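Each chain, written out:
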Amino acid sequence: MRHALTIATRELASFFLGPTAYLVLLGFQVVAFLNFWELVESLARPQVEFSSLRDPMSAYVSGSTPFWFAILVAVPVLTMRLLAEENRSGTIETLATLPVTEAEIVVGKWLAGLAMYLALLVPFAIYLPFLYHQGRYPFDVGPLVSLGIGLTTMGMAFTAIGLFFSSLTRNQVVAAVWTFTALFVLVVMTLLVSYFPAARGWTGWADAARYVAVIHQIHECALGRLDLRVVVAHLSVCGFALYATAALLAARRGC
Amino acid sequence: MIEVSRLSKTYGALKALDDVSFAMGRGEVAGLLGPNGAGKTTTMRILTTFLAPSSGRAVLDGRDVIDRPLEVRRKVGYLPENVPLYPETRVGEFLRFRAKLKDVPRGRRRRAIAEAVSRCGLGDVEDRTIGRLSRGFRQRVGLADAVLADPPILILDEPTAGMDPIQVREVRALIRELGERHTVLLSTHVLSEVEAVCSRAVIIARGRIVLDGRLEDFQAAETIRVEARGPGEAIRRALAGLPGVAAARLEGERDGVAALDLTPAAAADPREAVSARLAADGWPLRTLERRRPSLEERFVAAVNRVDLDAMSREAG
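Here the protein sequences come in this chain order: A and B.
The first sequence runs 1 to 255 under our numbering.
The second sequence runs 1001 to 1316 under our numbering.
Extracted from the complex, chain B is given alone in its bound form:
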């Protein structure tokens, strides 16, 4: 649905995007993550044809953003950062105006608006002036506008910014629901949001993609931490031989306690086997814990790596 290849964008001397490539399939929900100024909004603005790339290609549903911008716009529902709306209009009027400009056929317009209103929980405020709504409701008006014409692709720039925890939960549930029928690309600072709604994370820093993968794969990269009293090397050899353990690494020995990291074989959970083996050999077990590197750890590591690279480039 979305194919981005070697996309770059420069603002004068500033390189906002540098050789970015990724692809998204139908029905995928991906989170675009990155520190402030990493290039998230620039990427989204290029995909929605608000900005043109300096080089590279972006193709949405088979249509290039430069050659056929109007067709791309028809396929995309966009929620820009900070949700710009007309404060003097009423919610219903605003959605009617947007539906007309989005070419929702006259006969379907009323139903499309009613559906967007009910999906985004705007029923009570349809007759209210947008300028008097709270931040959370304005955000929902923006979301209702994005889903109005039922486009196959949704691009949401920080959809939960400025909402209270309950609204955040509702919007996340809505995005998960939308992900069943639409391809959704959303950007956020909140890592737990990606874990809650996305099947895929694309981490971007200093205009480059530093990590791109399925969340399941991130979670699959788990290790088992074992601490037991006994000779480290002997324990390592014993545990490495267990079925369900792909590799065992001795992390250190202190006060006669050995610490090891085990990498389990695919889809195996060798924790019970480990404890049985240690008990059989008379090595008292102190810790047996399954560890997943959190998305946050990976995010920080990836972003730091890019920062270090940039610093060493500047120095040398």
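This is chain A alone, in the form it adopts within the complex:
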């Protein structure tokens, strides 16, 4: 696995040799800035009633529509290049004929995608110390840690899904569209679907759909209810997607 880090380093460097990384980081910075603005505004308003839905801290990240919109766009943009570009330019041939295993290639690429994803979350985190010390708003750190864990495992799964679709094609746009569709289903559709069965009385299906809905999972994390089942689900999706990608690379040889 020592080659994985070499591959990840080169991949990260090439993110920054093109405009993609800067544009995505800038986009997230803008979202974080606007959300923080709103957070400060809402904290200045007197709380009338307590409701978890109106909790300003959870609205800052996981409850905000711009955040989810940005994630749905950013993850496909970051992962689409990883293997599709190697397939298109033929460099996969130079990579696959090195003394490097398929697993090392896949993990290296995934680590680069994950590092970029985590970098996107940094803008949200850097405002919080100011709020705590300068703004003298003693928020609870526990739920934030739980949110961080949830967002990290979610990102591990999402980048693995993106990498999987990137390995299927030589066209980056195709990879991005597939990834976007898959993530959209996970994030939004499952939430929508859970309302229809509920209205018809199919409560079992509704519960299942709500359990899969990523927004719902992350919202629970943001409230400080870190459900290990959710973490395990994210890690399983991640592991399966990485395994499938490595298997696909090996199958390309035609063994």
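Rather than coming from a laboratory, the hints here were simulated on the basis of the structure.
Since this is a predicted model, take the numbers as computed values, not measurements.
Among these hints, one or two may not hold up.
Unchecked claim - Every beta carbon over 12 angstroms from chain B, so not counted as near; a handful from chain A, in silico:
(1) Leu-5
(2) Phe-15
(3) Phe-16
(4) Phe-33
(5) Asn-35
(6) Ala-70
(7) Gly-90
(8) Ser-194
(9) Tyr-243
As the list claims (entries may be wrong) - In silico negatives: residues of chain A with every beta carbon more than 12 angstroms from chain B:
(10) Ile-7
(11) Thr-9
(12) Leu-17
(13) Gly-18
(14) Thr-65
(15) Val-77
(16) Leu-98
(17) Ile-105
(18) Pro-129
(19) Tyr-195
(20) Trp-205
As the list claims (entries may be wrong) - Taking beta-carbon pairs under 8 angstroms as the criterion, some of the chain B residues facing chain A (in silico):
(21) Leu-1070
(22) Lys-1100
(23) Asn-1304
Note that CB positions come from ideal geometry on N, CA and C, so glycine has one too.
Could you slot chain B onto chain A? The hints should help.
Showing chain B alone in chain A's frame:
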């Protein structure tokens, strides 16, 4: 170093390689020749473990490409067709990245890179972005990458494609130099390239080997063309008896001029004896010429034979 036995590869209904066998020894430089789509790249991709064969075995330096692919990859430096590289990286960075992945030990890495750079004449462009280099320089970056870890076997798919004549000369000189220490298998369309750098030619057409031999043996198959005024059969008998002539064949007689093809005995050059004999018998000599079938003639003949076979198979 390379042993290929009964190798076949099928893509669906298409048979890209059909029962290919050959072997190469240490330090041999062989040219893999063939028309487009003959199976050259497929053969090289199997040898470099990028593709797995449908059947048959390929063993490089004692290691099978299917059972121990990672060890094979360690022994092989590969320059793929069209030289795929990362356009956004700089030449030096790229070679450092490749050296790490090829497990060149940290202490030797700097020297290995410097050596590859100087061997391939990349000193001036080490800090340039690969995407901005000319085709010829990109090709050299690919070559530098192939020799980076100093592997015993080099597999080069069209190493001089897209280069100008001067670069072609330089790269050929480099390959000849590499052939002193490495086993080199290269593919090309350019027949003169094989004559310039290889000691051995393997001609492949429609997925089969149609000709495989040492270049010296090809060149040894020379004939001497004689044209003289006089009785054809008498001339033939007289020349066949000369020392240094293994066989003489009358090709035809026109306007009193006989044309003959002589096959010289091994390593003999009977041209002077022939001219002396004809002069002694009073048969005026018009032509005395040593002829070598060029590699090109052999290539065309071999490929045509395979095409005819295929056509007759399809018809019958």
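Checked hints:
1. Leu-5: violated, 9 angstroms
2. Phe-15: violated, 10 angstroms
3. Phe-16: violated, 10 angstroms
4. Phe-33: holds, 30 angstroms
5. Asn-35: Nearest chain B Cβ is 33 angstroms from A:Asn-35, so the label holds.
6. Ala-70: holds, 25 angstroms
7. Gly-90: violated, 4 angstroms
8. Ser-194: holds, 44 angstroms
9. Tyr-243: holds, 19 angstroms
10. Ile-7: violated, 7 angstroms
11. Thr-9: Non-interface label on A:Thr-9 violated, nearest chain B Cβ at 8 angstroms vs cutoff 12 angstroms.
12. Leu-17: Its Cβ does come within 12 angstroms of chain B, the nearest being 4 angstroms, so this is violated.
13. Gly-18: violated, 7 angstroms
14. Thr-65: Check passes; 35 angstroms lies beyond 12 angstroms.
15. Val-77: holds, 17 angstroms
16. Leu-98: With a cut-off of 12 angstroms, A:Leu-98 comes too close to chain B, as the shortest Cβ separation is near 5 angstroms.
17. Ile-105: violated, 10 angstroms
18. Pro-129: Check passes; 36 angstroms lies beyond 12 angstroms.
19. Tyr-195: It holds; A:Tyr-195 is separated from chain B by about 46 angstroms at its closest Cβ, greater than 12 angstroms.
20. Trp-205: It holds; A:Trp-205 is separated from chain B by about 42 angstroms at its closest Cβ, greater than 12 angstroms.
21. Leu-1070: holds, 5 angstroms
22. Lys-1100: holds, 5 angstroms
23. Asn-1304: violated, 31 angstroms
Hint check: violations occur at hints 1, 2, 3, 7, 10, 11, 12, 13, 16, 17 and 23; the rest are consistent with the structure.
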